[in-house]
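The lines below spell out each chain.
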Amino acid sequence: MEILSLLGSGFLVALSPLNITLLLTGCFVGTLVGALPGLGPVNGVAVLIPLTFAFGLDPTSSLILLSAVYFGTMYGGRISSILLNIPGDEPALMTTLDGYPMAVQGRAADALAISGVASFVGATLAVIGLSLFAPLLARAAIHFGPADYFALYILAFATIGGIAGVDPRKTLLSAALGLMLATVGIDPISGVPRYTFENYHLFDGIEPIVALVGLFAISEILMLLEKEAKDRTKAIHVKSWLPQWGAIWKTRWAMLRGSGVGFVAGVLPGAGASLGSFMAYVVEKQTSNKKNTFGKGDPRGVAAPEAGNNAASGGALIPMLSLGVPGSGTTAVLLAMLISLNVQPGPLLFERQPDLVWGLVASLYMANVALLILNLPMIGLFTKLMVTPTWALMPIVAAVTFVGVYGLSNSVFDLELMIGFGVLGYLLRKLDVSLVPLVLGLLLGGDMERNLRRAMSISGGDWGILIASPISIVLYILTAGFLGLSVWLAIRDNRQDKNAHLADE
Amino acid sequence: MSIRIFGVVIFVIATLYTWNAGSYAITFGDVLGPTVFPVIVGIPMMILSASLVVFPSGQVDWPAPQRMWRQAAALAVLIGYTIVLRPLGFPLATFALIALLGIILGGAAWKAVLLGAIMAPALWALFDQVLGLPLDFLGSLFG
Chain A
1 MEILSLLGSG FLVALSPLNI TLLLTGCFVG TLVGALPGLG PVNGVAVLIP
51 LTFAFGLDPT SSLILLSAVY FGTMYGGRIS SILLNIPGDE PALMTTLDGY
101 PMAVQGRAAD ALAISGVASF VGATLAVIGL SLFAPLLARA AIHFGPADYF
151 ALYILAFATI GGIAGVDPRK TLLSAALGLM LATVGIDPIS GVPRYTFENY
201 HLFDGIEPIV ALVGLFAISE ILMLLEKEAK DRTKAIHVKS WLPQWGAIWK
251 TRWAMLRGSG VGFVAGVLPG AGASLGSFMA YVVEKQTSNK KNTFGKGDPR
301 GVAAPEAGNN AASGGALIPM LSLGVPGSGT TAVLLAMLIS LNVQPGPLLF
351 ERQPDLVWGL VASLYMANVA LLILNLPMIG LFTKLMVTPT WALMPIVAAV
401 TFVGVYGLSN SVFDLELMIG FGVLGYLLRK LDVSLVPLVL GLLLGGDMER
451 NLRRAMSISG GDWGILIASP ISIVLYILTA GFLGLSVWLA IRDNRQDKNA
501 HLADE
Chain B
1001 MSIRIFGVVI FVIATLYTWN AGSYAITFGD VLGPTVFPVI VGIPMMILSA
1051 SLVVFPSGQV DWPAPQRMWR QAAALAVLIG YTIVLRPLGF PLATFALIAL
1101 LGIILGGAAW KAVLLGAIMA PALWALFDQV LGLPLDFLGS LFG
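These protein sequences, in sequence, are chains A and B.
For the first sequence, position 22 (counting from the first letter as 1) is numbered 22 according to the numbering used here, and the numbering increases by one without interruption.
Converting from the second sequence to the numbering used here requires adding 1000 to each position, the first position being numbered 1.
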């Protein structure tokens, strides 16, 4: 009951004219960003953050705008997956497997409607989950002391890279680079300037927004330039946007299963929407692929991953809001915005700023309805905008990026720093080093150091305090277990690669 | 090879970083002071980067030289923009940014110039006039 009344007051916040305008703008922009290949959710949100500052929006309104964009990208990504066979963003990759074949068979309208409804189901279930579980987690986290937070941050860095695929050493190095950058500037406790090279621009530290806009948006331009400029394949022509409603109803179980799997994947650290849609597709294929129809245009193969990625993106907000530890790239970017607005997410946020938390939750419910409307009847508009060529899109994105960062501080130094981070981001991406741990390190580094020093001050210099509470011990065991698992997987993959290589010769 | 070089670079940076941390030692304030945290970050970094030098993982495909020139040109345009933004003012500088980047990204020259000519004033009008973010119409060169 308490949640309902909090949610009610949240709706009062979300229903203000400004917030509704921002919500609808965010939904539209987000769907467009998602639908445009080459502009993913992280980039889209990162580019918009400086603008929200420049316009002087308060934290609640900024968060509503950017979360609407975030949810919108998850809806929009599927449009180009289905019509172009190019995922609009990374999480929509799985939707190409069955979505494009459906479109080729002339069932594009069905595929779009099914994936739209699946997005709605996944995202709405995730927001319900968010309303129920985030306050519970926040209530548990209120017992965390400084040493426990230190342990939690270590767990976050160890897990953010995910389990499979990348070399765990690279993930940890990326996080350490971020922590290193976080120590630049005047130490807030002693007042000593560290690693500033006598440059007064660096005394305030590195503004995370400048760093992450460079890391994501500028590096994306450099990535695009190394690929051959291809003519985009023409979108499949759709005669009627009207779907068969019965086809949607048939996929209801796939949607529910996909939502459940995606939600869990989203809440867990280091996963995010891409893993959510992947897991949802795999699980659905295992349960439903009786007649071997998956990959050839099975509607359930569209419903499950779309429900999965939307549920995961909602689920990923839970650790970000209640622990202050984001589980994915895009939520890390949202965290950067909140920290820059002097809002520290974490358990206290639910007590001190219920308006922000519940205003956000309420606006997410509304965003889902708005997105369903945008994505079913108005789908034709997005398919027209979607074929904007890269040479026209990216220069405009670059210009908006510069406006945003310049508007933040009116400092040319920040623009140059941003370009520098763009080059760094490009090099790291080429070397297969994920950028998300770096951003997380830069964001959480200051707080991590503060908690460590606070804990040590409490104990009077005894390092034993770090493992004095059961909470921190459990967190360290989880960290060790996770790192052990990913090292083992990396070694195993390495061996398999070598064996495959030997077999080739 | 690239991974090994990356490991060496990070190792050198981490070593300098850890070494420098010692110079921040102070005798007042909290127990740890500003020195210990950078050391806690720096030492694992040295170990991890050294291990990448000894056991590198993954391969890197660098773009062909011709593509690298395009990337260098794009970077030059971006840096040039930060230099001319104040002297030229927002619309002119942005026109050049959009037109040049459009050409570098493979658009037809006249289309890219046209796009810049339309978008630069449009962006200025949107941000400065509609959304109230002050941007210079004419730069310091024009007084």
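The set of hints was computed from the structure by calculation and includes no laboratory data.
Do not rely on the hints blindly, as some may be mistaken.
As the list claims (entries may be wrong) - Derived Cβ-Cβ restraints for the label pairs, each shown as a range:
hint : chain 1 : residue 1 : chain 2 : residue 2 : range
1    : B       : R1067     : A       : Y476      : 19 to 29 Å
2    : A       : R495      : B       : I1013     : 28 to 38 Å
3    : A       : W488      : B       : S1002     : 34 to 44 Å
4    : B       : Q1129     : A       : G8        : 35 to 45 Å
5    : A       : R492      : B       : V1031     : 40 to 50 Å
6    : A       : G295      : B       : I1083     : 14 to 24 Å
7    : B       : D1030     : A       : L348      : 54 to 64 Å
8    : A       : V387      : B       : G1132     : 25 to 35 Å
Since this is a predicted model, take the numbers as computed values, not measurements.
Even glycine gets a Cβ: it sits at the ideal position worked out from N, Cα and C.
Hints violated by the structure (numbers, ascending): 1, 3, 6 and 7
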